[in-house]
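2 protein chains.
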Amino acid sequence: MFKNYLGKYENELLESVIPFWENHCIDKEFGGYFTSLDRDGSVYDSTKYMWMQWRIVYMFGELYNSEYSRGEWLGIAQYGFDFLRKNGRDKDGRYYFAINRQGKPAIAPYNIYSECFAAMGGAAMYSCTKTELYKEAALDAMNNYIKRIDNPKGQWDKSLPGKQRYQALGHYMMLANLGLTMKDFLGTDEYDHDIESAIEIVLSKFWNESLGVMFENILPDGGFDLDSCDGRMLNPGHVLEAMWFLLKYFDDYSRDEAKIEKVAMIIKKTLEFGWDKTHGGIYYFMDALHKPHLELQWDMKLWWVHCEAILACLYAYKLTGDQEFYDWFEKIHAWTWAHFPDSEYGEWYGYLNRQGEPTHALKGGKWKTFFHLPRCLLYATRLMKQMEK
Amino acid sequence: MFKNYLGKYENELLESVIPFWENHCIDKEFGGYFTSLDRDGSVYDSTKYMWMQWRIVYMFGELYNSEYSRGEWLGIAQYGFDFLRKNGRDKDGRYYFAINRQGKPAIAPYNIYSECFAAMGGAAMYSCTKTELYKEAALDAMNNYIKRIDNPKGQWDKSLPGKQRYQALGHYMMLANLGLTMKDFLGTDEYDHDIESAIEIVLSKFWNESLGVMFENILPDGGFDLDSCDGRMLNPGHVLEAMWFLLKYFDDYSRDEAKIEKVAMIIKKTLEFGWDKTHGGIYYFMDALHKPHLELQWDMKLWWVHCEAILACLYAYKLTGDQEFYDWFEKIHAWTWAHFPDSEYGEWYGYLNRQGEPTHALKGGKWKTFFHLPRCLLYATRLMKQMEK
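Taken in sequence, the protein lines are chains H and V. The first sequence maps to residues 1 to 389 in our numbering. The second sequence maps to residues 1 to 389 in our numbering.
No lab work stands behind these hints: they were computed from the structure. Owing to the predicted nature of the structure, the values given are computational and were not obtained by experimental measurement. Careful: at least some of the hints might be erroneous.
Because identical chains cannot be distinguished in the list, a pair is counted as satisfied if it fits within a single copy or across any two copies.
As the list claims (entries may be wrong) - No more than 30 Å apart at the CA atoms, straight line, and that leaves these computed lysine-lysine pairs for DSS-like:
| hint | residue 1 | residue 2 |
| --- | --- | --- |
| 1 | K163 | K28 |
| 2 | K291 | K28 |
| 3 | K28 | K158 |
| 4 | K163 | K104 |
| 5 | K147 | K163 |
| 6 | K104 | K153 |
| 7 | K291 | K104 |
| 8 | K153 | K163 |
| 9 | K91 | K130 |
| 10 | K291 | K248 |
| 11 | K91 | K158 |
| 12 | K86 | K163 |
| 13 | K158 | K147 |
Based on the sequences and whatever the hints tell you, model everything.
Okay, structure coming up:
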């Protein structure tokens with residue numbers, strides 16, 4: 001069933017994506033990585049964005065740990081880890097949003113997702129090496145994340161009392177994912193309660209039954225705000241990513257048929273709502289009532305959304321056996337592989353217009369690095385192998 | 001030469017654009033304006049963004065003052081002025097970035113362009129009424145702008161020492177424009193030196209002769225930074241807008257043939273560089289070396305860019321008589337009028353994809369209000385009448 005796909009995904013991971021980053025991302029002079037890589041791998045900006053940096057540490061660690069392991073991948077992960085632990089934090093231990101090529105602080109630590117990816121990077125390194133230093137780094141970042149959750153932007157928060165506050169899907173999704181990563185890599189049960197409560201909140205509060213959509217922002221008391229752009233915002237890629245995190249947790253640790261059924265239903269509805277019936281592909285942002293979207297790029301097709309959609313379909317198919325998910329997988333696979341891969345220079349384009357044509361030649365940038373695509377390819381091969389058995 | 005165009009521009013201003021905003025933007029219940037207006041004028045978000053609010057005050061003031069004057073326009077401008085003076089400022093007199101529908105502070109005063117548009121709004125009101133209150137409001141905002149120039153983002157600035165600092169074209173462009181507005185509306189010569197020095201810096205430092213482009217950001221010492229995305233950033237719409245501000249100043253106050261010639265050359269080069277040879281229209285953002293752009297929406301076609309391009313061509317044609325500017329005017333006019341106007345509900349779409357299709361149905365939003373389009377139509381009719389004589 002997946003035999004033809006499996007070879008394609010494995011080959012893309014091992015022969016195209018990994019070599020591209022191995023060959024181009026390492027800053028041999030100053031440490032850390034280049035992530036602003038043009039179509040051919042040349043560097044077009046040397047700023048070191050913390051999310052992008054730590055995701056490379058995480059991903060090479062995860063790959064070293066995988067069935068495809070190669071010794072040099074640990075070295076690449078460690079090379080970034082050392083640079084980032086040394087240069088990445090302010091005096092309070094918070095990770096900057098960006099440092100410059102030499103490691104000097106460039107953009108203030110206003111974004112706590114930097115901590116998330118640092119925690120994931122440290123945890124992956126620990127699982128490769130069982131060295132306490134990495135575990136400490138992971139827990140340190142994780143605890144800083146939790147400590148900052150109630151005031152994530154700190155002094156850089158521009159919201160005043162007249163601005164509606166929301167609970168954000170991204171926050172709960174990340175909490176579930178981080179807890180799961182710590183569980184996988186550090187073997188700790190310490191965050192089980194966080195995972196369980198995040199799952200509960202996501203499934204019961206963010207899902208709107210009558211509209212058939214999962215919202216990005218809900219009111220503090222759990223209701224929906226249909227009168228504002230922020231309140232109506234949908235992010236189908238986020239939802240699909242969050243849903244496979246949940247399915248992975250149910251699959252690996254704690255099977256719950258009722259919840260699996262609900263997640264499967266949410267994936268189907270999200271794909272139906274988010275799929276572009278004219279040009280194919282999944283929209284980046286949407287408005288729940290189809291009113292104008294604040295984001296100019298709402299109708300673009302992004303690589304990561306399609307990577308997460310593929311994993312959501314494969315997990316849902318594995319856990320439910322529902323043929324509809326296989327059909328969705330084939331449909332998304334076909335559109336994705338017809339539009340994103342760059343057959344000449346390897347790796348994938350990140351940004352397509354609504355019609356499916358690349359608007360940017362870049363392979364990496366401020367928001368694209370060695371993360372969603374290799375993770376998708378790695379996890380997809382695993383799921384396919386499990387389902388072939 | 002412009003006879004057929006003139007009627008079209010006048011009619012669009014008086015029968016389509018002004019009525020759309022008169023009918024839909026006034027918040028009769030709480031004061032101020034709605035600017036998030038959907039295709040048919042219905043309100044899809046009630047946040048009151050300071051730039052958008054003050055621009056309406058300015059524009060209705062300017063129109064009341066114009067050859068098309070109608071009495072009710074002063075009332076509309078005043079209605080917003082009163083609400084914004086009462087609710088728009090913090091205890092230090094800085095204008096918030098946004099307030100909510102009721103007037104409660106929503107987003108902190110992190111952006112000093114709020115002050116610019118407040119200054120323009122107050123000045124326009126003064127020129128309508130000759131009432132000191134408005135002059136005070138204008139000078140107050142203007143002086144706050146100047147006071148905050150060296151640290152414009154204040155506590156919300158996320159830049160740290162490792163981030164390259166730049167001088168921004170927007171800043172000098174705004175200084176020239178503000179000085180000119182104060183001169184026009186308050187009759188003051190106080191800012192003549194600011195205007196002259198801004199013109200000097202823009203023409204000598206931001207223009208790169210060998211690449212034939214005007215940069216958005218230059219190094220503090222005046223050089224160009226070709227190694228980073230920020231350093232290579234171009235904004236053709238900004239350049240064209242800045243250039244007609246300069247031509248207007250030369251035309252109204254201080255004719256300087258050498259500078260007019262340089263500005264005309266910059267307009268030509270900017271149009272050649274910024275025009276999309278495949279689909280027509282002018283790009284939103286560009287990279288001076290055609291490397292990947294940080295902004296996902298770089299290739300979109302925005303209404304304001306085309307409005308400013310039309311004025312740049314008309315001013316340049318008026319001041320130089322060079323046929324090339326008439327030809328550019330005709331070409332830009334044709335593309336603009338074929339793609340932006342909404343013949344069914346009036347007003348113009350703001351955001352088109354590269355191919356020229358609307359991606360958003362909105363007529364107003366967080367960044368589109370009653371400003372660029374009516375100003376373009378009003379000034380264009382004036383320039384056309386002057387040239388018909």
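Here's how the hints hold up against the structure:
{"no.": "1", "hint": "K163 - K28", "verdict": "between (46 Å within a copy, 21 Å between copies)"}
{"no.": "2", "hint": "K291 - K28", "verdict": "between (48 Å within a copy, 23 Å between copies)"}
{"no.": "3", "hint": "K28 - K158", "verdict": "between (38 Å within a copy, 28 Å between copies)"}
{"no.": "4", "hint": "K163 - K104", "verdict": "between (34 Å within a copy, 8 Å between copies)"}
{"no.": "5", "hint": "K147 - K163", "verdict": "both (23 Å within a copy, 27 Å between copies)"}
{"no.": "6", "hint": "K104 - K153", "verdict": "both (21 Å within a copy, 21 Å between copies)"}
{"no.": "7", "hint": "K291 - K104", "verdict": "between (43 Å within a copy, 25 Å between copies)"}
{"no.": "8", "hint": "K153 - K163", "verdict": "both (15 Å within a copy, 19 Å between copies)"}
{"no.": "9", "hint": "K91 - K130", "verdict": "within (27 Å within a copy, 55 Å between copies)"}
{"no.": "10", "hint": "K291 - K248", "verdict": "neither (34 Å within a copy, 39 Å between copies)"}
{"no.": "11", "hint": "K91 - K158", "verdict": "both (23 Å within a copy, 16 Å between copies)"}
{"no.": "12", "hint": "K86 - K163", "verdict": "between (38 Å within a copy, 18 Å between copies)"}
{"no.": "13", "hint": "K158 - K147", "verdict": "both (20 Å within a copy, 21 Å between copies)"}
The structure fails to meet hint 10 from the earlier list, while all remaining hints are met.
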